[in-house]
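Next come the chains, spelled out residue by residue.
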Amino acid sequence: MKLSTLLASAALALGLAGGAYADAHGKTKVGFVFVGPVGDGGWTYEHNQGRLAVEAEFGDKVETVFVESVAEGPDSERVMTQMALDGADLIFTTSFGYMDPTINVAAKFPDVKFEHATGYKRADNVSTYSARFYEGRAIQGHIAGKMTKSNIIGYIGSFPIPEVIRGINSAYIHAKKVNPDVEFKIVWAYTWFDPAKEADAAKVLIEQGADVVLQHTDSTAPQAAAQEAGNVITFGQASDMAQYAPMPRVSSIIDDWAPYYIARTKAVMDGTWTSTDTWDGIGPGMVGIGEISDAVPADVKEEALALKASIADGSYHPFTGPLKKQDGSDFLAEGETADDGTLAGMNFYVEGITGDIPN
Amino acid sequence: MIRLEKRPQASQAFSWAAPLLAVIATMFFGGLLFAVLGKDPITSIMTIFWEPLFGDFAFYYRPQLLIKGAPLVLIAIGLSLGFKAGIWNIGAEGQYIMGAIFGAATGLAFYPTESFLIFPLMVLSGALGGLLWAMIPAILKVKFGTNEILVSLMLVYVAEQFLASMALGLLKNPEGFGFPGSRNLQQYASAHNAELIAGSGMHWGVVAALIAVIFAYVLLARHQLGFAIRVTGEAPRAAKFSGVNPTRLVLFCMGMSGLLAGLAGMFEVAGPAGQITIDFNVGYGFTAIIVAFLGRLHPIGILLAGCLMALTYIGGDIAQSQLGLPAAAIQVFQGMLLFYLLAFDLFTNYRLRVGRTEVA
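Residue numbers (numbering that gives the first Met the number 0), protein chains in the order written: chain A, 0 to 358; chain B, 0 to 359.
Since the hints were made in silico from the structure, they are not lab data. Since the structure is predicted, the reported quantities are computational estimates derived from the model, not experimental observations. Just to be clear, a hint being listed does not mean it is correct.
Said to hold, decoys possible - Pairs of lysine-lysine residues, derived as DSS-like cross-links and limited to a Cα-Cα distance of at most 30 Å, are as follows:
id, chain 1, residue 1, chain 2, residue 2
1, A, K184, B, K171
2, B, K171, A, K107
3, B, K171, A, K196
Next up, chain A with everything else stripped away, as it sits in the complex (with noise of 0.2 Å):
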């Protein structure tokens, strides 16, 4: 309790002086915790444009500051803190792991606004933010259903959470729907970001006879491992990773989180933060979609873009029934389209994936 008062209070005092600095110079100051380096090409690298497009935005009237590679736990809590010590007005963590620590920081300094990516804890100065990636799954399920000649596809996962099992499911019912042969096969990295394991990965899957490999992981291992294996397909992973198109890379789910990022510190200039919870996809432009490469077939390609454009404008969603879960039972009537409440706390396949969950 004292601790917590000793940093209110020096908060308070650094308010007052950070809000007499503001006045004088109007500058806001906005602080980014990330979890891998910014040089990832994928996760972290994304949020780190998100960062460079506040700055872009505001120019002078802004002043951002990162710490990467932060490990979740204690030390996100120390890096917060002292964001928050050093004058930080907004500070985004980029991490689901960041999730406790931010509530612990965000309880200590009521002044200043908190935005946790991917959580389900809010406060009245923390708000959660994510982007419905399994949109863009859909779009890659149908292309990799397509363009697979072995209907085999490989998947990397990261860890078996709910975002995950869900890109999976999606992926799955849209290749399934364009190809009633395909297969997936799964294999569990239980890492985010290591560039070895994901080669590992990558190589096991194509192996095993896919030709067309999916990724959950943040590197451009699995892409350089395709390369070397020529005719397989995949697809960059939260950045565009174009380097590797036309092949083996034909297209990718990129996050953009710069909208959303000018926006929220918009709203703290302005006085109108309050605490939200925000999921966005294709429409609102959180989830984008890199260029589909040559390497596609143009009607593949066209019939791609179709489900892009019914996704985005709200006319398709992705889990609408009929669907089934993997043990049989019902999971969505005809017509029915799976609430948000669902999606986020998905721990089930679809019917038709073999393999189990791990536990």
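Fit chain B to the given chain A structure using the hints.
Just chain B now, kept in the frame of chain A:
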């Protein structure tokens, strides 16, 4: 011409001067590195070493030093006993994980019962978890002569998989909407390793680390077993003649280092970290190896080295956010510390001679 000449006897003075020289050299060349990156070297070094101790917010960073340093010291003390005797437990990271899992599982088993007995039970089972995990390479070594370096290291990866499985399965928070990670022990009073004095950073793990330092000091200086450890490392043949039982020594050193690593993991999960998550371990078990050597395998040295390491972590993070230094530069800076230590260590056993080689 310059050449190296073996000293007739290892220089005691140099053995203690090497860490200091290494720190100075690291500051100098680290400063150069930061200058090349376009940052003011003096400000950078000051931010890393001065800011956490005496800066504006030192009231917050000083306690953080204890939180960051305690597990490093606790683990390094255990490792140093084995290292002194030539027994190489490289798998403290795995024992740290197992201690955390055992400790957290014990606490969570009682949830939501409140009792003052729960925390002591968690401490015991945390120690047991680390001990058991370290006993695997120890017993394999004693019975079958396997290499403890390889076995203990491999068991780190087994422990990591086990950790992931626990976070996703058995210990998963039932109220966590299917997301991985256990309940937060910080919100469970009986199991929370809270600060003993709020705002001081002093939790039971810090106390345990200090006790371990004293215990190791007494053991090495005064106890028969400490003598056995030292003599085995320095002169294995002499140890045999003086009746040291190598089997018991391996079991003791591996067991003790596992136990202390397990304790460190338990205090961490019940306190600063709060929950079992997939990425719970952040490399304390490996960093502690550096700490042990930086501290000359001496209890007091390890205490100082642990604080220094913690300082570079905390100062490094401050430098990243205030000065925009990349994380990789900070890691290079930390790497330099070990590099220069090893370089200067050479002069403990050798000296530089300038001049011609005399023909005998």
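A quick look at each hint next to the structure:
1. A/K184 x B/K171: holds (26 Å)
2. B/K171 x A/K107: holds (27 Å)
3. B/K171 x A/K196: holds (25 Å)
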